[in-house]
Amino acid sequence: MKVLVAVKRVVDYNVKVRVKADHSGVDLANVKMSMNPFCEIAVEEAVRLKEKGIASEIVAVSVGPAQAQEQLRTALALGADRAILIETDEELGSLAVAKLLKAVVDKEQPQLVITGKQAIDSDNNQTGQMLAALTGYAQGTFASKVEVAGDKLKVVREIDGGLQTLELALPAIVTTDLRLNEPRYASLPNIMKAKKKPLETVKPADLGVSVASTLKTLKVEAPAERQAGIKVGSVAELVEKLKNEAKVI
Amino acid sequence: MATLVIAEHDNATLGAVTLNTVAAAQQIGGDLHVLVAGSGCSAVAEAAAKIAGVGRVLVADHAAYAHQLPENLAPLVAELGRDYSHVLAAATSAGKNLLPRVAALLDVEQISEIVKVLAPDTFQRPIYAGNAIATVQSSAPIKVVSVRTTGFDAVAGEGGSASIEAVKGGSDAGLSRFVGEEIARSERPELTGAKIVVSGGRGMQSGDNFQLLYRVADKLGAAVGASRAAVDAGFVPNDMQVGQTGKIVAPQLYIAVGISGAIQHLAGMKDSRVIVAINKDEEAPIFQVADYGLVGDLFEIVPELERQL
Numbered sequence: 001m002k003v004l005v006a007v008k009r010v011v012d013y014n015v016k017v018r019v020k021a022d023h024s025g026v027d028l029a030n031v032k033m034s035m036n037p038f039c040e041i042a043v044e045e046a047v048r049l050k051e052k053g054i055a056s057e058i059v060a061v062s063v064g065p066a067q068a069q070e071q072l073r074t075a076l077a078l079g080a081d082r083a084i085l086i087e088t089d090e091e092l093g094s095l096a097v098a099k100l101l102k103a104v105v106d107k108e109q110p111q112l113v114i115t116g117k118q119a120i121d122s123d124n125n126q127t128g129q130m131l132a133a134l135t136g137y138a139q140g141t142f143a144s145k146v147e148v149a150g151d152k153l154k155v156v157r158e159i160d161g162g163l164q165t166l167e168l169a170l171p172a173i174v175t176t177d178l179r180l181n182e183p184r185y186a187s188l189p190n191i192m193k194a195k196k197k198p199l200e201t202v203k204p205a206d207l208g209v210s211v212a213s214t215l216k217t218l219k220v221e222a223p224a225e226r227q228a229g230i231k232v233g234s235v236a237e238l239v240e241k242l243k244n245e246a247k248v249i
Numbered sequence: 001m002a003t004l005v006i007a008e009h010d011n012a013t014l015g016a017v018t019l020n021t022v023a024a025a026q027q028i029g030g031d032l033h034v035l036v037a038g039s040g041c042s043a044v045a046e047a048a049a050k051i052a053g054v055g056r057v058l059v060a061d062h063a064a065y066a067h068q069l070p071e072n073l074a075p076l077v078a079e080l081g082r083d084y085s086h087v088l089a090a091a092t093s094a095g096k097n098l099l100p101r102v103a104a105l106l107d108v109e110q111i112s113e114i115v116k117v118l119a120p121d122t123f124q125r126p127i128y129a130g131n132a133i134a135t136v137q138s139s140a141p142i143k144v145v146s147v148r149t150t151g152f153d154a155v156a157g158e159g160g161s162a163s164i165e166a167v168k169g170g171s172d173a174g175l176s177r178f179v180g181e182e183i184a185r186s187e188r189p190e191l192t193g194a195k196i197v198v199s200g201g202r203g204m205q206s207g208d209n210f211q212l213l214y215r216v217a218d219k220l221g222a223a224v225g226a227s228r229a230a231v232d233a234g235f236v237p238n239d240m241q242v243g244q245t246g247k248i249v250a251p252q253l254y255i256a257v258g259i260s261g262a263i264q265h266l267a268g269m270k271d272s273r274v275i276v277a278i279n280k281d282e283e284a285p286i287f288q289v290a291d292y293g294l295v296g297d298l299f300e301i302v303p304e305l306e307r308q309l
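So the sequence lines, in the order shown, correspond to chains P and C.
Just so we're aligned: 100 in this note's numbering is position 100 of the first sequence, and the numbers increase by one with no gaps anywhere.
Just so we're aligned: 240 in this note's numbering is position 240 of the second sequence, and the numbers increase by one with no gaps anywhere.
Don't take each hint at face value.
Which chain P residues face chain C? A few, computed with CB under 7 Å, are given here [as the list claims (entries may be wrong)]:
hint, residue
1, Leu92
2, Leu95
3, Ala133
4, Ala169
5, Arg179
6, Val220
7, Glu221
8, Glu225
9, Val239
Straight-line C-alpha distance at most 27 Å; calculated DSS-like pairs for lysine-lysine [said to hold, decoys possible]:
hint, chain 1, residue 1, chain 2, residue 2
10, P, Lys196, P, Lys50
11, C, Lys195, P, Lys247
12, C, Lys280, P, Lys231
Residues of chain P placed beyond 10 Å of chain C at every Cβ, according to the derived structure [said to hold, decoys possible]:
hint, residue
13, Met1
14, Lys2
15, Met33
16, Glu57
17, Gln67
18, Glu70
19, Asp89
20, Lys107
21, Asp151
22, Glu167
23, Met192
24, Ala194
25, Lys196
26, Glu200
Rather than coming from a laboratory, the hints here were simulated on the basis of the structure.
Backbone N, C-alpha and C define an ideal beta-carbon position, used for all residues, glycine too.
So that you can see chain P by itself, here it is in the shape it has in the complex:
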C-alpha cells in the first residue's frame, strides 16, 4: 500500500527561541532548523512498514518555504521514495495545511497517512485530526503502536489515563506519539542517493486550495520570567523553608 507522510520544517528542538523586540513573532533568523521530531517518527514508521513489506511506496510531503526541501531530502535519505513540496512563504495554520494535504491525498490515494501529533513551534496538535475530518477517514491519534492487518489498522493510543487500542478501517490517518519508535539516522550513502530521488514542487494555487486565514496573531511576548531562587544547604533547611516561607506543605 501507499503511505503518505507529512513533515514540517521547524526550529530545532534544542534551540531556546527569542521573541522579537517588536513582538511580531519569534526570531528565526540564523536559527538552526530541523525536521519536527514527531515527523521524524512518522517517517521512521512508514519506512518500517516498507521494510515489513506492507508499504509499497512512501511519499513525503511538506508545506513550507523553499528551504523545506532540506527536510524532504532528509525524509528521502531515511527511506521515502519521492517527495512533494507545497511551496509557500506564508506561515499557514493547521486548517490550511490540512486542506493542502487533502488535495494531495485526493491525487495520490494513499491507504495510510502518517503525521506527527504536533509541531513543536505552533504546538497546535490539529493537522492530522483536521485531515481525517476533511477526507472522512478514521483517525488514530497519539499512536504508540501501529499494526496493519488486512484492510484494518490496529492502533494503540496514548491517552491521559494510560493506553487505548482501536481498530480503524483503511484508509486512515495516524498521528505519532514519541513512543511509537526510535528514528534512525540517515547514512551518508543514503543521503547521496536521496539527492537523486524525485522531488516535485507545487504551489497552493496549483492545488486549488485557498489558504486565507481567520486567525491573526496580534502579539508574541516572552513569558513571565521566574524569579531566581536560592540554594539551600540541607534537607532540614529545605523543609523549614517549604513550611514557613513558601507555606506549601
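With chain P held as given, fit chain C onto it using these hints.
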C-alpha cells in the same frame, strides 16, 4: 452569543477538567451549555447540571458515543456547534483528539490550549514549548477553542440547576472500533489536578528507585510525575510524563528530582507556584527556575526528606 462546552467524562463520572473549561467559558460570557455525549451517561448529565453558571445540559446518549470515538462524535458536535459562537473543550487527550475534527467539519480554524481570555475573540496561548506567548484574534464565525485547564481556576461543581435536555441523533460511522484500554490505577491524586507533584528524571536510574519518590509523595499527598527521559528509559509509564508533549501541571509545589530541566520538561511545569530542584549537577538548567535548590545525591536527600516530613 452562546458557548457550548464539551464535558469530559467516562460515562460514570464527570471529569474535573470540565470545571476549568466552564471557567474559561464564563470569561467569554454569554449563555453556557454543556454537552454530555456518551452511553449510559445520565449520572454525568446530572453532575453537569449542578455546575455553577451552566444554563442547559444537552445529553446525547447513544452506544455509538460510548468511547467518544471522534469519527462518531465530531459530526454531532459540529451539527450542534452551528448554533453557537464558541465551542470549547479541555485540552486533554480526549479534547485534543476530538476538537480539531469538529473545527474542520465546521470549516473553521481552531485555537489550541488557551491560557487566557482577553475578549470573546481574543485569546492568549503558549507556543514554542511555552517559550513565547501569542495573543491571537479570530474572526471565524464559530470559535473552536481548547482550554489549558491549568490556566483557569475551576468553577464550583455544586449550586447550579441547569435543565437537562436530550439531543437526538447518534450513528456509528463504521470507521473505527474500540478494542480495549489499559488504565494505570493509582491511589495517589491525579497528576494534572494535584496540589503537590513529585517528579523523577533520568537521575532516578531505575523504575525501582521511583519507590523513593512514591514514599515522599504519600507523605505529602502528592502525585508522582516524570520527565521524558525517565519515561523513555522505561522507568515509569508514559501517562506520568510532564512536559510539552506530556501533561501540563501547575501545582502549588513541584519537586523535581534528578531532572536536568530540558525545555521540553519546563514547558509542562514552569507555571507551578513553588519549584524545588534536587540534583547533583550544580549547573543543571532546572536550578534557573527553581525557588529552592538542593545540590546533592538524590539517593541520600530523598530518604532524608521522607524522614523529615
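Right, here's what the structure says about each hint:
For P/Leu92, the suggested interface contact is broken, since its CB lies about 10 Å from the closest CB of chain C, more than 7 Å. Given the 7 Å rule on beta carbons, the hint for P/Leu95 holds: about 5 Å separates it from the nearest Cβ of chain C. Evaluation of the P/Ala133 hint against chain C yields a held restraint, the C-beta minimum of about 4 Å falling below 7 Å. The restraint placing P/Ala169 at the interface with chain C holds, with a minimum CB-CB distance near 5 Å, inside the 7 Å limit.
With 7 Å as the threshold, the beta carbon of P/Arg179 comes within range of chain C, its nearest partner Cβ sitting at about 6 Å, so the hint holds. Interface restraint check: P/Val220 against chain C, minimum CB-CB distance 5 Å, threshold 7 Å, status holds. The interface hint given for P/Glu221 holds, since its Cβ lies 5 Å from the closest Cβ of chain C, which is under the 7 Å cut-off. Annotation: interface hint on P/Glu225 violated; nearest CB of chain C at approximately 9 Å, more than 7 Å.
For P/Val239, the interface hint holds, the least distance from its beta-carbon to any beta-carbon of chain C being 5 Å, beneath 7 Å. Proximity of P/Lys196 to P/Lys50 is assessed by CA-CA distance (about 20 Å); at most 27 Å being required, the pair is judged to hold. Pair hint C/Lys195 plus P/Lys247 holds up; C-alpha atoms about 12 Å apart against a cutoff of 27 Å. Restraint check for C/Lys280 and P/Lys231: the C-alpha separation of about 12 Å stays at or below 27 Å, so the hint holds.
Residue-level check passed: P/Met1 sits 17 Å from the nearest beta carbon of chain C, beyond 10 Å. Chain C leaves P/Lys2 outside its interface by the beta-carbon criterion, the shortest separation being 19 Å against a cut-off of 10 Å. Every CB of chain C lies more than 10 Å from the CB of P/Met33, the least distance being 13 Å, so the non-interface label holds. Every C-beta of chain C lies more than 10 Å from that of P/Glu57, the closest at about 24 Å, which supports listing it as non-interface.
At roughly 19 Å, the least C-beta separation between P/Gln67 and chain C is larger than 10 Å, which holds for a residue marked as non-interface. Remark: the non-interface label on P/Glu70 is consistent with the geometry, its nearest Cβ contact in chain C lying 20 Å away (cut-off 10 Å). Even its closest Cβ contact with chain C, about 19 Å, leaves P/Asp89 beyond 10 Å, as expected for a residue assigned away from the interface. With a minimum CB-CB distance of about 19 Å to chain C, P/Lys107 clears the 10 Å threshold, and the non-interface call stands.
The claim that P/Asp151 is not at the interface with chain C holds, since no C-beta of that chain comes within 10 Å of its own (minimum 12 Å). Listed as a non-interface residue, P/Glu167 fails to keep its Cβ farther than 10 Å from every Cβ of chain C; the least gap is roughly 4 Å. At roughly 31 Å, the least C-beta separation between P/Met192 and chain C is larger than 10 Å, which holds for a residue marked as non-interface. Residue-level check passed: P/Ala194 sits 28 Å from the nearest beta carbon of chain C, beyond 10 Å.
At roughly 35 Å, the least C-beta separation between P/Lys196 and chain C is larger than 10 Å, which holds for a residue marked as non-interface. With a closest Cβ-Cβ approach of about 26 Å to chain C, P/Glu200 is found to remain outside the 10 Å limit, as its non-interface label requires.
The structure does not agree with the numbered hints 1, 8, 22 stated previously, though it agrees with the rest.
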